[in-house]
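Number of protein chains: 2
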Amino acid sequence: MKNNQFAIRPTEFNDQLKELTEIDFLDKDNSSETDTIKLWTSFLSKAFIEDKTSTSFEQKLSTYMATPTQNLSEYLDTSTGVSVAAFYNVALQLLKFNPDVDFSFDEPLAAMEKIQLLIADHQGDNFTVPELKSAWYWLLATHNKDGQTFVDSLASKGYFTKFYGKVTKPLLFNGKTLPVFDPHKLIREVVYVESPQDSDHDGKRDLLKAEILRPYETEHGLKVPVLYTASPYNQGTNDETGEKLMHNVNVPLTHKEPNNLKYEDIEYHEPKADLPNPRVINGETKKAEETFARESSYTLNNYFLARGFAVIYMAGIGTKDSDGFRTTGDKEETISTISIIKWLTGDLPAFTNRIDNIEIKAWWSNKKVAMTGRSYLGTLATAAATTGVKGLKTVISEAAISSWYDYYRDGGLVIAPDGFPGEDADVLAEETFSRRLQPGDFHNIKDAWDKQIKAIDAGQDRNSGDYNTFWDARNYHKDFKNITADVFMVHGLNDWNVKPRNVERLWNGIKHNGVTQKIILHQGQHIYINAFRSIDYSDIINLWLTYELLGVDNQAKEIIPNVIVQDNVKPETWTAYKDWSNADNKVINYNLSNDKLTTQKVNESTASFTDQLKPADFELYRDNNATWQSDLLVGGKKLTGHQLTFKTEPLTKDLLLDGKINVNLKVSSSKDLGMLSFQVVDFGDAKRLNVSPSILSANSLASTYDWREDNLREFTLGKQTSAKMITKGHINLQNRENNYKVDELKPNIFYNVNVDLQPTFFKLKARHQLGLIVYATDFGMTVRGNQNIEYTVQLDQSSLIVPLHTN
Amino acid sequence: MKNNQFAIRPTEFNDQLKELTEIDFLDKDNSSETDTIKLWTSFLSKAFIEDKTSTSFEQKLSTYMATPTQNLSEYLDTSTGVSVAAFYNVALQLLKFNPDVDFSFDEPLAAMEKIQLLIADHQGDNFTVPELKSAWYWLLATHNKDGQTFVDSLASKGYFTKFYGKVTKPLLFNGKTLPVFDPHKLIREVVYVESPQDSDHDGKRDLLKAEILRPYETEHGLKVPVLYTASPYNQGTNDETGEKLMHNVNVPLTHKEPNNLKYEDIEYHEPKADLPNPRVINGETKKAEETFARESSYTLNNYFLARGFAVIYMAGIGTKDSDGFRTTGDKEETISTISIIKWLTGDLPAFTNRIDNIEIKAWWSNKKVAMTGRSYLGTLATAAATTGVKGLKTVISEAAISSWYDYYRDGGLVIAPDGFPGEDADVLAEETFSRRLQPGDFHNIKDAWDKQIKAIDAGQDRNSGDYNTFWDARNYHKDFKNITADVFMVHGLNDWNVKPRNVERLWNGIKHNGVTQKIILHQGQHIYINAFRSIDYSDIINLWLTYELLGVDNQAKEIIPNVIVQDNVKPETWTAYKDWSNADNKVINYNLSNDKLTTQKVNESTASFTDQLKPADFELYRDNNATWQSDLLVGGKKLTGHQLTFKTEPLTKDLLLDGKINVNLKVSSSKDLGMLSFQVVDFGDAKRLNVSPSILSANSLASTYDWREDNLREFTLGKQTSAKMITKGHINLQNRENNYKVDELKPNIFYNVNVDLQPTFFKLKARHQLGLIVYATDFGMTVRGNQNIEYTVQLDQSSLIVPLHTN
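If you read the protein sequences in the order shown, they are chains V and Y. Heads up: the first sequence runs through residues 1 to 807, numbered per full-length UniProt numbering. Heads up: the second sequence runs through residues 1 to 807, numbered per full-length UniProt numbering.
Treat the hints as calculated values from the structure; they're not laboratory data. Among the hints, erroneous ones may be present.
Stated by the list, open to error - In silico PhoX-like cross-links for lysine-lysine, where the CA-CA straight-line distance does not exceed 25 Å:
id: 1; chain 1: V; residue 1: Lys244; chain 2: Y; residue 2: Lys46
id: 2; chain 1: Y; residue 1: Lys570; chain 2: V; residue 2: Lys244
id: 3; chain 1: Y; residue 1: Lys244; chain 2: V; residue 2: Lys145
id: 4; chain 1: Y; residue 1: Lys570; chain 2: V; residue 2: Lys96
id: 5; chain 1: Y; residue 1: Lys719; chain 2: V; residue 2: Lys614
id: 6; chain 1: V; residue 1: Lys320; chain 2: Y; residue 2: Lys446
id: 7; chain 1: Y; residue 1: Lys46; chain 2: V; residue 2: Lys185
id: 8; chain 1: Y; residue 1: Lys52; chain 2: V; residue 2: Lys361
What the hints assert, rightly or not - Going by beta-carbon spacing under 8 Å, a handful of chain Y positions derived as facing chain V:
id: 9; residue: Lys52
id: 10; residue: Thr63
id: 11; residue: Leu72
id: 12; residue: Asp77
id: 13; residue: Pro99
id: 14; residue: Asp706
Glycine included, each C-beta is placed from N, C-alpha and C at the ideal position.
Here chain V stands alone, though its shape is the one from the complex (with noise of 0.2 Å):
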């Protein structure tokens, strides 16, 4: 068990007595104590809220152990002062360690260390006065056992419930805000943003829903900042239709026609739209006239719901209960999903209702948004973004998607998220049409929506894969330089449905926007990552949150590390680092030779493989992807002749691998069509962390009395495996100069590729092993067409090309 901590905010003597009054840990009647028994008794009781006298709080004393042979009632009985070794002994205990695993009353100060668990300063055995002030400032900024502070332990058994009622603003500790909001007595609201848009073309601007969560102090003054989530899902999803509309990825890849595409040829143009005048607004009001019970919520959200924020959910276009029509990521989408921000700083109005066009005003709001969410959720963040509109503070975009083209398609190849072979932007609109769901709205639009489906068939192009103008206007990179945001980063390294290059490529190109940009890469995949017992991601956001939208001088821009990046080696162990994947990194040049990757030259060779593989494998590997990719990891027996495995030699000392790996070939086809996929894999034996957490405990982890829990989560190591992928990369031989213009492919003519693989950050262990593993079809990702098609590789004239991670 160790612990990581980042969000702890180094805080001057006097501000801790300031914060500790201030929470009333300290009082009039402690705060002059010049008996150090006496005071940390008194720390102790207000700590053990639920015994509510004497007798019951002596009582809970004497369960723990001060030293190896008194307990804690005996030790403030008959101690003089507080010794470091019994306060940390009785810490330890608070935090929920255990002696008969985590630590031993002989060496509590061991243990701290152990666990990576903050020691306050202190001259002697004992602590003094002030000391241990500090001190318990400091256990209560500490992470616990069960992945929390112990001071929103506390908030979780209430002891924060004393504010409800009481405060006219957020209440701070170590720079943090704290539940003092009553969260049973939130005003939950709808409002209908009226977006500048018409994207269901019915001649009125559309309206979109918005779901409002705000403290009951907003009603007496109290200004909030907004975290909004963005969710197409938030409304509800048709799985079904959806379902129905996935697309048959068990076809042959096709020879495409060449062509002499230009980018200026495909570039996507905003069109001159004519937009609906706006509804003319016919009264206004303070007071909505919808409420609801239960939002689809974001853990994150609900942790910030009890501590001063407003939490808003809005699904945007083509959602139950808004007008529009899903589009899956373009301008239209954008639009939708910023207008509520405009809202909430005064530049669009929302209405009470969709028919009668009373005003209502975000009266309550302080101007300042934070968007949050995963997947979707964070990819609309770093869409609004873009946008550069005002209010926007900060996006915290998890796993989020900063190019479309990124998340369906490469290298001029249909691509697909991995465990959705299949999907495809038209599938997403239909599944996040949550308009559907609404029969009685349906009914009026459904062959609109069936033209607006194929529509966006049309665009996407299965057929080609390449790149064009429907891709061009989802591609949010072309408007980074609008960024003004700071923006904060979350991505696993082994998300294959989101994949790294969509963050790679926002980390790399807002670097000259001015803003602040924070990342944390984890080693899960597609996850959320705010309720891990190894690293204090709430806090994190707390502190960050509490920075950017209360404008509290709080340094958080200092104190969290630009990139923190969790090892894969290590269970538990976050690293923070300068950068990811610079460009100025070193590099290692690997060549090819038979079945070896080597720093040496090398001699004149080729090797080759047919993609093609008896129709009993193929069937196999068609419904088992993951024994496909088990297969092609060991070389298994089917798979002999339809790949090709390059190792180095057992590495000599570990290396850190740090940005996009980059495969360069001299290769033909036997036919006029052809693709390549290539993984590097790290081979060796080890147990490795699996890329699902486990729960750790069902619904334990509450930062606020009686109110919604979390699951608490960590990553743990699985099974021995020889192998594991590293990352992976797709191209269509006829892409070779990019993903827009086909290049001619001649049967048995060797052409130079040159691909960069999804950007990676790996620690190689000594040892093991580096390889790279050449093969056509992708079982989980590609089309899977079983064609007997020949590929042949120029070994001399190729190589692999590694960055390592360089200070």
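With the hints as your guide, set chain Y onto chain V.
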């Protein structure tokens, strides 16, 4: 999608009107309404509680379709009567069914029937006023697509919050309680019951902590019943120190010295204990001194917390904040378990803390108690029932042990609960000994606890596997005769942790007690079923407890079928039966011949197998029990010569197996020791239900506004498989007569063995084959010695006797 509701109470029209009035759907404004359109509109208006104005309501109406061409708003404006079709078109939408998937607006009644939803009586195509009131009543009682009644879905939206603070007794609808007690105002208090025992031998009666949640209204005179969950896990567990005690199962089976033990020789007799005197009571109070923020809860209990029930959790002897030692299911634990019931009925004292002997009475209790919980929790409920303790009206024992020998042993063998090889009574005692989690308490009892663990280890006697005095002390069958509480059983037919024998013995063991007994057998493993979509379990228990604890004459005993069994072939299908495992069920007697099960006469023949595997195969199966199990079923190559498999011809018609299949073998061992294992198998290609439920939607299930949520679950079909184990059993060849007497076993001599397999209820489809597999080492359950033993079966003197469901 198919609905199964067993808890709908037939209700006279006048009672329907009364209830509709009580829950405010009928009021002074609409109860005399003669226009059905206006009446329906008023019902809808009350149901759409999120819409606070008439405009907002109008807007919502327009999102529903009433006919294939008219939305509900248009329909209400233009129609002169409420057609049955329009009513159910809207009803299906209100119940969240989807016109793209579940029904068509042309034929709503056909869909209602297909989904098994109740259609109200009607004479014509349009509802009359009384018919419409009745139709609304039944709609409220009907389950929606998300597994809850429409009235509960309204509750989750806040419909019943208007009753908060205004009711003085539970509010009922259709015989079941409604959530009218504000769960955020619950009183949470701790008491310490003085139990008449001294299980840690410290010279003082054990004080046991109980956590109580009761409606705030009890402070003002409301007397409430209690749902009591006795959960030894509830105060925390010692996973690491428990793990250390796990026993090695990779050990050989050993020869046992034959004996002539009779039951009297090993029978357990309660020792005459010198019980310490009760504490001298030092005063009395009505107010507790200790509270708690969050109990470790069972979601079914959460559901009842807003419905006028108190809930109590107690972990019992040897747990955190309590006295005593863990014993794993003996009489001491039973005494501990029922002590809180005796407090609730006034027969035992409790104190506000452990120190000053101030008594606190259960002055708010109506003296009626039900016990709830699964596994060990359900076991303690069963144990409590065997005492006949006053006040315990019913136990709901889910997946409960009825004899600990049937949990950790079988047929003279150590048999692990599936998934936990090496676990035993001592391990469980250590795991649940949460006094260890309070170092200040544990420090004083460490040595005594070490002795206790050693004594349990000695008593459980892993060397013999025999039934002995230790296990006799943990056999609740002996006291079934004392059960006076009604018993509601729930068990998984695929529960190989607490095996079905446990519940079958209880089911058949209390038939002459004169109590009401109900049982639900599902197709899952060791799980809860209170959040499933296809069965109204929470409603059933609501009906049951409203009858048992509130004394309401709601016909629960008559309405709830005695036996409900989930179909193993068709998803979402639950069927009522009269009995399970009835001794009078007819049987088929199969003879064994070569690899056949046949009802024909067979010729003299033998078949042999050896237990010993190649070391590599042994290690594979030792480390991958699931691989072993699937290889066993398909007769994998590695197991050739290591098992015998017998199959019937493909069946010509379905068979409904019901009860205990019996294996009758004449068999020899090549050594003076031996064990046999048996699996009865359904051979035939089919998609079968997964034994672990799928989560349909996380945290989507709430039946109370702004209160705790649950995951909606359902058993779904897995991939096609060729075989499935139906049931299994084991025997030590030295325990041919019974589990306590050791028989001699001479090498290569044939002996008769007769084994009742675990009871089942299984539909075997026509064209499938029934199979029997005979083998020795069961990698998931027995010791694994990989011994060189050959077993030979005299086939013509062996048989398989299969009971069939007989009406």
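Evaluation of the provided hints:
For the hint linking Lys244/V to Lys46/Y, the alpha-carbon distance of about 37 Å lies beyond 25 Å, and the restraint is violated. Of the pairs offered as hints, the one joining Lys570/Y and Lys244/V holds, with about 24 Å between alpha carbons and a cut-off of 25 Å not exceeded. For the given pair, Lys244/Y sits about 21 Å from Lys145/V by alpha-carbon distance, which is consistent with the 25 Å threshold. Taking the CA atoms of Lys570/Y and Lys96/V, the gap is about 47 Å. The hint is violated against a cut of 25 Å.
Using a Cα cut-off of 25 Å, the hinted pair Lys719/Y and Lys614/V holds, with the two alpha carbons roughly 23 Å apart. A C-alpha spacing of about 62 Å is found between Lys320/V and Lys446/Y, which places the hinted pair above 25 Å, so the restraint is violated. Our distance criterion of 25 Å between C-alpha atoms is met by Lys46/Y and Lys185/V, whose separation comes to about 23 Å. Between Lys52/Y and Lys361/V the alpha-carbon distance is near 18 Å, which keeps this suggested pair within the 25 Å criterion.
Given hint, Lys52/Y at the interface with chain V, holds; its Cβ is 5 Å from that chain's nearest Cβ, closer than 8 Å. A cut of 8 Å between beta carbons decides the hint on Thr63/Y: the least distance to chain V is about 4 Å, and the hint holds. The restraint placing Leu72/Y at the interface with chain V holds, with a minimum CB-CB distance near 6 Å, inside the 8 Å limit. Here the hint on Asp77/Y is broken, as its CB sits about 13 Å from the closest CB of chain V, past 8 Å.
Using the Cβ-Cβ criterion of 8 Å, the hint placing Pro99/Y at the interface with chain V is satisfied: the shortest such distance is roughly 5 Å. For Asp706/Y, the suggested interface contact is upheld, since its CB lies about 6 Å from the closest CB of chain V, less than 8 Å.
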